[in-house]
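> Going line by line, the protein sequences match chains A and B.
Quick note: the first sequence uses the working numbering, first residue 1, plus one each step.
Quick note: the second sequence uses the working numbering, first residue 1001, plus one each step.
Rather than coming from a laboratory, the hints here were simulated on the basis of the structure.
A few of these clues could be false.
Stated by the list, open to error - When the alpha-carbon atoms are kept at most 30 Å apart in a straight line, the in silico DSSO-like pairs for lysine-lysine are as follows:
#1 A/K125 with A/K47
#2 A/K269 with A/K87
#3 A/K53 with B/K1137
#4 B/K1104 with B/K1078
#5 B/K1078 with A/K125
#6 B/K1104 with A/K196
#7 A/K167 with A/K87
#8 B/K1078 with A/K47
#9 B/K1165 with B/K1029
#10 A/K287 with B/K1165
#11 A/K196 with B/K1029
#12 B/K1118 with B/K1104
#13 A/K167 with A/K53
#14 A/K53 with B/K1104
#15 A/K53 with B/K1114
The model shown is predicted, which means the values in this text are computed figures rather than measured ones.
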Amino acid sequence: MSRVPEALGRACVLLVLLAHSALAQAIPYQRPVDTAPQANSIGGGYKVPPVQKPLPRDYWLQVVDAVALSAAMGVSVWLVLKRRSRKWLTALTIGSLAYFGFYREGCICPIGSLQNVVVALADPKYSIPMLVTATFVLPLVVALYFGRAFCGGVCALGAIQELVVLKPVQVPRRLDRALGLLKYVYLGLAILFAVKPALTRDFLICRFDPFVGFFRRNGAPHMLILGGGFLVLGMFVGRPYCRYLCPYGGLLAWCTRLARRGVTVTPNKELDCGLCAEACPYGAIEKMRAVRRNCLYCARCYASCPCDGELAHAKAGLVDLPGAAS
Amino acid sequence: MSEDLTRRGFARGTVLAVLAGGAAFLVKKANGQVVWQVNAARCINSRLGEVGVEACNLCTTECVVALSAVRAVNEYAKCGRCNICPAYFNITSAVNELGQPSEKLCPRDAIARKPIGKVDPEDPANNFYEYIIDEEKCDGCGKCVMKCKEPLGLGSITLRIRYDKCVNCNRCSIARACPQNALLQLPVGQAL
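Using the sequences and the hints, build the whole thing.
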C-alpha cells in the first residue's frame, strides 16, 4: 500500500524538476544592453575594443592538407619502390609525424574518416566535408596500385610506433594471424556505433585513439597510459596498433591484394640468406616472399639486403677505397 | 599468370569504380564544414535565472585540447565597465584600503582591469573600467561568466569556442558531458 504514494511522490518531484528545467530552457538569453555605457556616453574619444573572433582553419589550408597527404604517399612509394632507401623513408616518417601528428594534432586522419563516410552513407542529413571524403579515398586508391604506402612514412599513428621499434621479436605466425582478425572486429564495432541515430552515435576510433593524446599534449589519463603501453609494447612487437587493431589498415589490406606493384623480395638461389625476413618486424616476409597485405612499407628488408640497398652500396664503397686494394 | 593479372586488373577496376561512385555521391551531398558552438541560452554559466550556483567547469575538464578550446569572451560593447566588477573581483572577499574586494575571481588571473580616461579619486563609482580577458590564459572555467549577470552584472561575458584551437572532433567530448546539451554543431556560416 505504501508503494503507491511513494511512487506518486517521486512522479511529482520528477514533474517539478522537469517543469523547472523546461522553464530554465525557455528563458531567452537577452541582456539589458541599454544600461551598458556606450562609447558616446563615456566620451573622451573612447573606442570599444574589438572582440576576439578566432576563425577556423582556412579552407585552402585544408586543401593543402589533402595535397600534403597525396604528396607524402607519392614520396613514400618513390622512396620505397624506386630508391629502396630506408634512411630517407625514416626522414619522411619523422616529417609526417611532425606535420600530421604534432602540428595538425592528429586531425583529420583517414583512419577516423572512415566513420564519417559510414555516417554520411547511412544518414541522409549528415554533411561530410569534401576533404574528409578525399582523405578517406586517396590512401585506398594508392593501395590499389602500390600497396600500403600510406602506412609507411605517412600515417602519424604508424610513424610514432615506427620510431620506437627497438628490438622486435617475430610473433608466431598463427598468433599473428589470429590477432590480425581483431582489426576486423574493431572495424565492425566502429561501423555499428557510427550508424546509430545522431544522438546516440559514437566515434569509437577517435575516442579510443591511443596516440592522439601525445599529439595534443593533453588527454584523459587512462588513454595516455594506454598509448604509453602501446609504445612500450611496440619496442618489442613491431607496430602493434597497426597490425592488430587499425580498422583502416584492414581496408588497406583488402585493397592491397589487388595492387599492381609492391615491395618485392626476389629469391636468389645462391644467396638465400633470409636476412630480410629476419629484419622485417611485421612478419610480412613468408617463405622468402613479401606478403603485400601485411607489408607496412618500412624498407627494412631492402636496407638489410646484402645484394641491394644501402648495405650493398656501403660494400661497393669499401671496395673502392684505395687502401683496401693493396 | 596473365589470366590472373587481368582478373586482378578487373577487380581493381571494379573497386576503383565503387570508390569513385561513393566519393561522387558523398561529394554531391556535401554541404560544407560544420563547427561546434556553445549555445549561451542553454549554458548554465551564462543563461539568466541561474544565480547562486557554482560555475560548471566541464568545458575546461572535458575538452581534448590543452587548456580547452572554450574561452570566456567579453562582448565589450555590452560590458557595464563597472568600478567593482563582480566577474573581476571576488566580491565576497574582505574589502581592502582602496575600498575594493581584496581577491580576484579568476583563478588564472586572465582578466585585466584598466581605467578608461582619467581616474577621479574623489568619485570612484563614476569611473569606467575596461575589462579585457586574455584569451591565451583563459581556460573557460566559467566562473566570471556565472557572475556577470543579474543581480550585478549585465551578462556581457559568455563562453565561446576559439575556432583556431578547436580540432572539431566528430563527437565533441564537452558535448557528450554537458548536462544542458548546450553544445551544438552548426554550419560554419551560421556559427561565426
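> All hints, please: hold or fail.
To see whether the hints hold, each was checked on the structure:
Straight-line distance between C-alpha atoms of A/K125 and A/K47 comes to about 44 Å, which puts the hinted pair past the 30 Å bound. Among the hinted pairs, A/K269 with A/K87 is consistent with the structure: their alpha-carbon atoms are about 28 Å apart, no more than 30 Å. Note on A/K53 and B/K1137: the hinted pairing holds, with a Cα-Cα distance of about 16 Å set against a maximum of 30 Å. The straight-line distance between the Cα atoms of B/K1104 and B/K1078 is roughly 21 Å, inside the 30 Å bound, and the hint therefore holds.
About 37 Å separates the Cα atoms of B/K1078 and A/K125, which puts this hinted pair outside 30 Å; it is violated. Taking the CA atoms of B/K1104 and A/K196, the gap is about 46 Å. The hint is violated against a cut of 30 Å. As the CA atoms of A/K167 and A/K87 are separated by approximately 18 Å, the hinted pair is consistent with the 30 Å bound. At roughly 13 Å between alpha-carbon atoms, B/K1078 and A/K47 fall within 30 Å of each other, so this suggested pair holds.
For the hint pairing B/K1165 with B/K1029, the CA-to-CA distance comes to about 28 Å; that is within 30 Å, so the pair holds. For the hint pairing A/K287 with B/K1165, the CA-to-CA distance comes to about 50 Å; that exceeds 30 Å, so the pair is violated. Between the alpha carbons of A/K196 and B/K1029 the distance comes to roughly 19 Å, so the proposed pair stays at or under 30 Å and holds. Restraint check: the Cα-Cα separation between B/K1118 and B/K1104 comes to about 23 Å, which is no more than 30 Å; the hinted pair holds.
In summary, the hint linking A/K167 to A/K53 is not supported, as the alpha carbons are separated by about 49 Å, beyond the 30 Å threshold. Using a Cα cut-off of 30 Å, the hinted pair A/K53 and B/K1104 holds, with the two alpha carbons roughly 26 Å apart. Only pairs whose Cα atoms come within 30 Å are accepted, and A/K53 paired with B/K1114 is accepted, the gap being roughly 21 Å.
Violated hints for the displayed structure, listed by number in ascending order: 1, 5, 6, 10 and 13.
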